[in-house]
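Visitor: One letter stands for each residue in the lines below.
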Amino acid sequence: MSAVVQPQFEALPRQRGPVATFFIRLFREKPLGAIGLVVVFIFMFCGLFADLIAPFGMNQISPANRLKPPSARFWLGTDHLGRDILSRILYGAQLSVIIGFAAATMATVISVVVGIVTGYLGGKIDLVMQRLVDAWMSFPELIILIVVVSVLGPGMWQVIFVLGLTFGIGGSRIVRGAVVSVRENMYVHAAQSMGAGTPRVLMQHILPNILPPVIVLFTTRVGAVILVESGLSFLGFGVPPPAPTWGGMLSGSGRTYMYMAPWLALAPGLAITVVVYAINVLGDAMRDLLDPRMRGSR
Amino acid sequence: MKRRLLAAAPLAAAFAIAAGPASAQKPQYGGNLEIVTVSSTISALSFDPGDYAWKTNHDNLHFETLFVGDLDKSIRRGGKYNYRPDAWFADEALKGELAESWEWKQNPLRVEIKLRKGIMWPAKAGVMDSREFVSDDVVATFKRQVSSPKAFKDYYYYVDRIEATDRHAVTFFMKEYHADWDYRFGWGYYSAIYPQELVKAGAGNWKNAVGTGPFQLVDYVQGNSQTYAKNPIYWDKDKIEGTEYKLPFVDRVTYRIMRDETTQHTALRTGKIDILESIGWTAVDSLKKSAPQLQWSKWLNYSGVFLSMRVDTKPFDDIRVRRALNLAVNQVEIAKEYYGGNAEVFAYPMHPDYIGYFEPLDKMPDSVKELFTYNPTKAKQLLREAGYPNGFSFKVQVCSCSPDNMELLPLVAGYLEQVGVKIEIQPMEYGAYLSAMTTGKHAAGYFMTNGHTNPTRSLHKSFTPGQLWGPSMWSKPEYTAKMDKAYATQNETERQAIIREMTREILDEAPYIWLPIQYRYTAWWPWVKNYDGELRVGAVKPGPIYARIWLDQELKKKMGY
Numbered sequence: 001m002s003a004v005v006q007p008q009f010e011a012l013p014r015q016r017g018p019v020a021t022f023f024i025r026l027f028r029e030k031p032l033g034a035i036g037l038v039v040v041f042i043f044m045f046c047g048l049f050a051d052l053i054a055p056f057g058m059n060q061i062s063p064a065n066r067l068k069p070p071s072a073r074f075w076l077g078t079d080h081l082g083r084d085i086l087s088r089i090l091y092g093a094q095l096s097v098i099i100g101f102a103a104a105t106m107a108t109v110i111s112v113v114v115g116i117v118t119g120y121l122g123g124k125i126d127l128v129m130q131r132l133v134d135a136w137m138s139f140p141e142l143i144i145l146i147v148v149v150s151v152l153g154p155g156m157w158q159v160i161f162v163l164g165l166t167f168g169i170g171g172s173r174i175v176r177g178a179v180v181s182v183r184e185n186m187y188v189h190a191a192q193s194m195g196a197g198t199p200r201v202l203m204q205h206i207l208p209n210i211l212p213p214v215i216v217l218f219t220t221r222v223g224a225v226i227l228v229e230s231g232l233s234f235l236g237f238g239v240p241p242p243a244p245t246w247g248g249m250l251s252g253s254g255r256t257y258m259y260m261a262p263w264l265a266l267a268p269g270l271a272i273t274v275v276v277y278a279i280n281v282l283g284d285a286m287r288d289l290l291d292p293r294m295r296g297s298r
Numbered sequence: 001m002k003r004r005l006l007a008a009a010p011l012a013a014a015f016a017i018a019a020g021p022a023s024a025q026k027p028q029y030g031g032n033l034e035i036v037t038v039s040s041t042i043s044a045l046s047f048d049p050g051d052y053a054w055k056t057n058h059d060n061l062h063f064e065t066l067f068v069g070d071l072d073k074s075i076r077r078g079g080k081y082n083y084r085p086d087a088w089f090a091d092e093a094l095k096g097e098l099a100e101s102w103e104w105k106q107n108p109l110r111v112e113i114k115l116r117k118g119i120m121w122p123a124k125a126g127v128m129d130s131r132e133f134v135s136d137d138v139v140a141t142f143k144r145q146v147s148s149p150k151a152f153k154d155y156y157y158y159v160d161r162i163e164a165t166d167r168h169a170v171t172f173f174m175k176e177y178h179a180d181w182d183y184r185f186g187w188g189y190y191s192a193i194y195p196q197e198l199v200k201a202g203a204g205n206w207k208n209a210v211g212t213g214p215f216q217l218v219d220y221v222q223g224n225s226q227t228y229a230k231n232p233i234y235w236d237k238d239k240i241e242g243t244e245y246k247l248p249f250v251d252r253v254t255y256r257i258m259r260d261e262t263t264q265h266t267a268l269r270t271g272k273i274d275i276l277e278s279i280g281w282t283a284v285d286s287l288k289k290s291a292p293q294l295q296w297s298k299w300l301n302y303s304g305v306f307l308s309m310r311v312d313t314k315p316f317d318d319i320r321v322r323r324a325l326n327l328a329v330n331q332v333e334i335a336k337e338y339y340g341g342n343a344e345v346f347a348y349p350m351h352p353d354y355i356g357y358f359e360p361l362d363k364m365p366d367s368v369k370e371l372f373t374y375n376p377t378k379a380k381q382l383l384r385e386a387g388y389p390n391g392f393s394f395k396v397q398v399c400s401c402s403p404d405n406m407e408l409l410p411l412v413a414g415y416l417e418q419v420g421v422k423i424e425i426q427p428m429e430y431g432a433y434l435s436a437m438t439t440g441k442h443a444a445g446y447f448m449t450n451g452h453t454n455p456t457r458s459l460h461k462s463f464t465p466g467q468l469w470g471p472s473m474w475s476k477p478e479y480t481a482k483m484d485k486a487y488a489t490q491n492e493t494e495r496q497a498i499i500r501e502m503t504r505e506i507l508d509e510a511p512y513i514w515l516p517i518q519y520r521y522t523a524w525w526p527w528v529k530n531y532d533g534e535l536r537v538g539a540v541k542p543g544p545i546y547a548r549i550w551l552d553q554e555l556k557k558k559m560g561y
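Residue numbers (my numbering), protein chains in the order written: chain Y, 1 to 298; chain V, 1 to 561.
Chain Y extracted, bound-state conformation (with noise of 0.2 Å):
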């Protein structure tokens, strides 16, 4: 009886899923964006949180403790009405989490409508409503943004609009790039000479592989978003008060009270540059890691 010899094979390195390669190569490869990425859940976390974790109320005042420098009780000082400024700095992530990712995600959804049919469909379509993006990038953001809210008024949800307007407008420029190289590209064809329709190639075919630039754009609009919504809190067309953005955190009592106690425009300033430069550290690094034409590169 011979003996049966049993085959050995093996073992094959266990594949990994692409959300986890992407992490460990970012670690890997990409440190600042790494530290952009834990910035930015740290960020998130505070946003999220911030009526757990935030020890006194955003517009909880006491005046008997305004412009108290940073202390053991309160860690980053009071503003003129003795709020706690800490607070205010965890309410007002919590305001640019909601404003940041509302108005990037309108703005991307924006971008990727009018880039893929834009960049698809081509022709007359794609002429006239290039012109149309060419007119809107024309424009001044700032004095558009100024005009639109100065008609709606300040608030939220206006500010989330118009953001979102400016943003997915002026993006579907780099959407509709991305979809005019991927629609030559032999398995669209294919999918077309098979008698897909329009939708279903748009869908199936070109929005998977145009995600990784959109990605991107989302995640570098979330910092503008940011950073414009200060800009406007900044100018008083921003949410208005007492909701604490970090924007009119600084262009209010910061502004006013800067020689006095200068702990007031300080944390939402380093607020603002930590997060935005995280945001875009990060947004480096996922493009560098997303596109293929940047592999290799590092």
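I should point out that these hints are in silico values taken from the structure, not numbers from a laboratory. Among the clues, some could well be false.
Stated by the list, open to error - Ranges between beta-carbon positions, derived for each pair: (1) Y/51 x V/340: 24 to 34 Å; (2) Y/51 x V/366: 41 to 51 Å; (3) Y/130 x V/129: 52 to 62 Å; (4) V/289 x Y/70: 48 to 58 Å; (5) V/219 x Y/31: 54 to 64 Å; (6) V/281 x Y/38: 43 to 53 Å.
To be verified - Which bits of chain V does chain Y cover? Going by a derived footprint, with three or more residues having C-beta under 8 Å, they are: (7) 257-264; (8) 322-334; (9) 398-407.
Glycine is no exception: its CB is placed at the ideal position from the N, C-alpha and C atoms.
With chain Y fixed as given, assemble chain V onto it according to the hints.
Guide: Structure of chain V alone, referenced to chain Y:
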């Protein structure tokens, strides 16, 4: 900057002498006077007095009125008047401007006014040739003001008619005596006298602006600046040390519109502006430190700050709710902590300067005194009794043009939150904000700064029907009757008693959350002469003050500016 500091140091001691009595120096002509005025954030609302815009006198330095504050009776010249109230004078602080003299006569009741002779309207291309100011100008102006569609209801009801009795004399025939007769048509907000040629050319167009005043408007950039050039044929003179000087001294006056307080302070500190008329207390110490040569005056604001509650809407139709909201706000804490002690808890609707009309809080009835105490427990109890045990929320409109109010309102919101009342703040641009109130379309809450005006008008304009400045919509027929009685009372002592009683009554009704009034500061450089922080010699009328200012150009150069 360093050069300026070095230059300033050895001169510092000399400034005390240089900034001393104006008599030590001979006035100089020329120069540009750069000012950020008390209305630092708001451009001209209209150049046509017929539009009844409250800033008319402030922006139309080319217009004059029949009467004006007598700057010879200012504290600077040994008198007792500071000329800072927005629209109030004691009778003796007044003199004729276009009027030379006036006299009351009976049967029929009338005021006969003699006008100054020789005053000229300057020539204005496309509008008019130069000609003499005459009584027909007064009559035509008055008739246009009365018939303006924007005129206040019954504002001149007590005037029967006006007649030009001579080329330089007019008579106002009265239906009855009115305590504000001189204020309303003589030196008030809407009393400017203008030529009919201007009306024909278009009084609302700033390019047509022409008047007998010390300056003529030559440039206007909305939201940025208003520039006035000297009127070379201006009639008035100023006597300094026995010598008469033709006015105005400076060649130009420029108003700079600056919304941002920090920018205002920087402009003052760097000498870009000569006078900053209204400064909040928080900036004073740093300005004194960085620019120790600045001259200063301090004044209790002539404007009340309040949160008006519409009594014609729920829940503010219930006085318990209105009183509850007053009790929920800690006035003393605001004055002491928020304003750092630079405020008075009780100074509106009567200003402490209104001697005889103003009563301090400790003289008020207990029910009024109570409104200025902090008692959130009783506030909650009153809200419970009124049917709001869990509080409520309401919208408050505020002008984004007022950084002070934009900062103060969240504080009030914070207090109200503690008794369960939430407010939604709606910042508005000035035009929309004002129009909301004047058309009666404003929200239930309206956060406002409003001038005291004068003892009678302060109550009349806000708490009688048909008036422009009544955001609370509060009025009662019996209260209006008392107002009419006060106006018809010639004896001032009796009138003061009526006004005191009416003030107590309206305070007790709590149509507003009455908030503390802060002290403000005016600062100017030592090269600004013949000036001591005076702000108005009529209803928000600064023209004659600016006409008397002269600039010591040498001193300015020596100081490095």
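Visitor: Indicate, hint by hint, whether the structure satisfies it.
Guide: Now the hints, each set against the structure:
As the Cβ distance of residue 51 of chain Y to residue 340 of chain V is approximately 33 Å, the hint placing it in 24 to 34 Å holds. Between residue 51 of chain Y and residue 366 of chain V, the C-beta spacing of about 42 Å keeps the proposed range 41 to 51 Å intact. With their beta carbons about 60 Å apart, residue 130 of chain Y and residue 129 of chain V fall inside the hinted range of 52 to 62 Å. Checked against the hint of 48 to 58 Å, the C-beta distance between residue 289 of chain V and residue 70 of chain Y comes to roughly 23 Å, which is inconsistent with it.
Judged by the Cβ atoms, the range 54 to 64 Å given for residue 219 of chain V and residue 31 of chain Y holds: they are separated by roughly 59 Å. Our hint of 43 to 53 Å for residue 281 of chain V and residue 38 of chain Y holds, since their Cβ atoms are close to 44 Å apart. Counting residues of the stretch 257-264 of chain V whose CB falls under 8 Å from any CB of chain Y gives 3; the rule of at least 3 is met. With 3 residues having a beta carbon nearer than 8 Å to a beta carbon of chain Y, the stretch 322-334 of chain V meets the requirement of three or more and the stated coverage holds.
For a cut-off of 8 Å, the count of residues in the stretch 398-407 of chain V with a CB near a CB of chain Y stands at 4, and the three-residue condition holds.
Consistency note: the structure conflicts with earlier hint 4 alone.
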